[in-house]
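Go by the hints and put chain B with the ligands onto chain A.
Chain order of the listed sequences is A and B. So in the numbering used here, the last spot in the first sequence is 247, and the numbers never skip. So in the numbering used here, the last spot in the second sequence is 293, and the numbers never skip.
A portion of the hints provided could be inaccurate.
[What the hints assert, rightly or not] So, partial list: chain B residues that the calculated Cβ filter (under 10 Å) puts toward chain A:
hint, residue
1, A152
2, S177
3, K184
4, G187
5, T191
6, E292
7, F293
[Stated by the list, open to error] If you anchor each label on the Cβ, the simulated ranges turn out as follows:
hint, chain 1, residue 1, chain 2, residue 2, range
8, B, G106, A, G29, 49 to 59 Å
9, B, T191, A, G29, 21 to 31 Å
10, A, H120, B, E286, 32 to 42 Å
11, A, G125, B, Y244, 56 to 66 Å
12, A, A138, B, A79, 35 to 45 Å
13, A, T92, B, R86, 43 to 53 Å
Because the hints were derived from the structure by calculation, they are not lab data. Just so you know, these numbers come straight off a predicted model, no measurement behind them. Don't be surprised by glycine CBs; every beta carbon is placed ideally from N, CA and C.
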Amino acid sequence: MSETESDIETLRRFDDAMFSARGVETGYGDLQVLYGVDIDIQDDEIVLVFGPNGAGKSTLMRALFKQLPLWNGTIEIGGEDCSNLESNQMVTHGVAYVPQTSNVFPNLTVAENLDIGGIHADDVGRRHEMFELFPRLAERQSQAAATLSGGERQMLAMARALMPDPDVLLIDEPSAGLAPQLIEQTFEHVDQIRQAGTAVLMVEQNVTAALDVTDRAYVLDMGENRFEADADTIRNAQRVRDLYLGQ
Amino acid sequence: MGLDTFLQAVVSGLIEGSVIAVGAVGLTLSYGVTRFINFAYGEFLTYGAYLTVFLAGGLFGVSLPLPAAAVVATVVVGALGVAVSRTFFEPISDRGALPLLITSIGVSFILRNLLQGWVGVDARQLPIPLLRRQDYFGLFRLTHLELGVIAASVVTMLTIHLLLQRTMLGKRMRATSGNRSLAKTAGIDTTSVIRQTWFLSAAAGALAGVLYAVLFSPFRPGVGFEYLIVIFAATLLGGIGRPYGAMLGAFCIGLAMNFGSTYLSANYTRAYAFLILVGVLLLKPEGIRGGEF
Ligand SMILES: Nc1ncnc2c1ncn2[C@@H]1O[C@H](COP(=O)(O)OP(=O)(O)OP(=O)(O)O)[C@@H](O)[C@H]1O
Ligand SMILES: [Mg+2]
Chain A
1 MSETESDIET LRRFDDAMFS ARGVETGYGD LQVLYGVDID IQDDEIVLVF
51 GPNGAGKSTL MRALFKQLPL WNGTIEIGGE DCSNLESNQM VTHGVAYVPQ
101 TSNVFPNLTV AENLDIGGIH ADDVGRRHEM FELFPRLAER QSQAAATLSG
151 GERQMLAMAR ALMPDPDVLL IDEPSAGLAP QLIEQTFEHV DQIRQAGTAV
201 LMVEQNVTAA LDVTDRAYVL DMGENRFEAD ADTIRNAQRV RDLYLGQ
Chain B
1 MGLDTFLQAV VSGLIEGSVI AVGAVGLTLS YGVTRFINFA YGEFLTYGAY
51 LTVFLAGGLF GVSLPLPAAA VVATVVVGAL GVAVSRTFFE PISDRGALPL
101 LITSIGVSFI LRNLLQGWVG VDARQLPIPL LRRQDYFGLF RLTHLELGVI
151 AASVVTMLTI HLLLQRTMLG KRMRATSGNR SLAKTAGIDT TSVIRQTWFL
201 SAAAGALAGV LYAVLFSPFR PGVGFEYLIV IFAATLLGGI GRPYGAMLGA
251 FCIGLAMNFG STYLSANYTR AYAFLILVGV LLLKPEGIRG GEF
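Just chain A, same shape as in the assembly (with noise of 0.2 Å):
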């Protein structure tokens, strides 16, 4: 056990990563929240991020979505240096970002938020896909977004992130709220992503489920990278399960 135990503290670096970040430094005015933090995301990867809460973690998906400006430190798409971009340049580098909260248009319709995830893509056949992992859009493209249910509504966040097809996801908690078989649903709907050929950064409370679909974890605590290692390890660590899954 002890192997893995000083395994984890070691931060592994991907090379040939499709998405890397290096050093990323950021804050909210005056308060510094990331303190130098690293992420890769491999092709086909499913990579979890969890800690406690205020460790920054939304904070990371949005400096890594150029959401905040980066006080320090790169961002690297297919080795293409992205560390400048605006947000909405975002999209044509293959990257999607679904937020933890305001995640739809609520004034706009079902179908309306898919035209909107559409505006970079060709339209119609991905809205045929979209409609076959969430058969109830389907049903329900003339409703208003603001109508919909709070599982609803996370469908069709992933649905308008996912039209553009990209390389790769970043979802912020995306079973926070739901009801239990809906958290299973969700994790099951990252994992049909995956197999699309999307890979995941996910920010996820729900450790124990989440690691199930999940290749490798990041632990992210006070805004510093604290343990990373594959899903397996992660969970068996007896020192994540003492700090981070209260077991």
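Below, chain B with the ligands without anything else, positioned relative to chain A:
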């Protein structure tokens, strides 16, 4: 005061409602994407009316027919709206609504005084013939110009409706209005969408100014600023930021103003609009909180 008077008040209300509707929709569009009430909006009406007078009256060396002059003026004022936004509003767009609102009051003073310095305070009017009201079905009377005002307004409403519901620009505008940060996330260039919205807003304001000038010549450089209260009333009644609400609110205000002048006193036309404005703020304060379109 019989049925005849009543019907005539309804018709007059609908005519003025047509003007207010164009103005209210323009104001509400810019509110919908920027979330601040643009007090300089009245100047777009004024500039629209004056430019049309000049273009139709040969001040720039050509005398365009009135409709052509109105179209050119509308487009020019649309561009002015974009310039105003880029110069004054964009640099402080992340400071919240209050600094923007106060800036817009300053912009309104600047624009009004520039115009006054240039053309003076004398009253102007559009080169339109005095028309006789024609009888329709023996029920109410209208001039051809009044009919034209209603038609122009209906066409504008329809165009804006189709733009918002059917075109990608319209959907981008609505997305930006509903959730600006998510719009950026989805790859929308929100800065450009906001500029296009400013164009539409200012152009609608200019058109409202022209329609106003058609009905109520002569006018002075304060015309748009003074009419702002009427447009505010309509916009708030319909829930600011909601174009369809603004259209509905406009016809209510138009009717209220004309019923007020017909049956109460003709001296307080705008006061009726103001009363409704106060009423909305008292009874339906969510009107001012606004929505998205
Ligand atoms: N918009 C903001 N302005 C100022 N501070 C913020 C903002 N958003 C987050 N913070 C602060 O940044 C820190 C990290 O917040 P963040 O939302 O990234 O944490 P998190 O790990 O996602 O937490 P949770 O598990 O609760 O979602 C917190 O101290 C929070 O108060
Ligand atoms: Mg969070």
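Hint-by-hint comparison with the structure:
1. Evaluation of the A152(B) hint against chain A yields a violated restraint, the C-beta minimum of about 28 Å exceeding 10 Å.
2. A cut of 10 Å between beta carbons decides the hint on S177(B): the least distance to chain A is about 7 Å, and the hint holds.
3. Restraint check, K184(B) versus chain A: the minimum CB separation of about 5 Å is within 10 Å; hint holds.
4. Among the interface hints, the one on G187(B) holds; its C-beta lies about 3 Å from the nearest C-beta in chain A, closer than the 10 Å criterion.
5. Annotation: T191(B) was flagged as interfacial toward chain A, and the flag holds, the nearest CB pair being 9 Å apart, inside 10 Å.
6. Of the supplied interface hints, the one on E292(B) holds, with its beta-carbon coming within about 4 Å of a beta-carbon of chain A, less than 10 Å.
7. Given hint, F293(B) at the interface with chain A, holds; its Cβ is 7 Å from that chain's nearest Cβ, closer than 10 Å.
8. Roughly 27 Å separates the CB atoms of G106(B) and G29(A), a value that falls outside the hinted 49 to 59 Å.
9. A beta carbon spacing of about 22 Å between T191(B) and G29(A) agrees with the range 21 to 31 Å that was offered as a hint.
10. Roughly 36 Å separates the CB atoms of H120(A) and E286(B), a value that falls within the hinted 32 to 42 Å.
11. A hinted range of 56 to 66 Å for the beta carbons of G125(A) and Y244(B) is inconsistent with their spacing of about 34 Å.
12. One distance hint, 35 to 45 Å for the beta-carbon pair A138(A) and A79(B), holds here, with the actual separation near 43 Å.
13. Checked against the given bound of 43 to 53 Å, the beta carbons of T92(A) and R86(B), roughly 25 Å apart, lie outside it.
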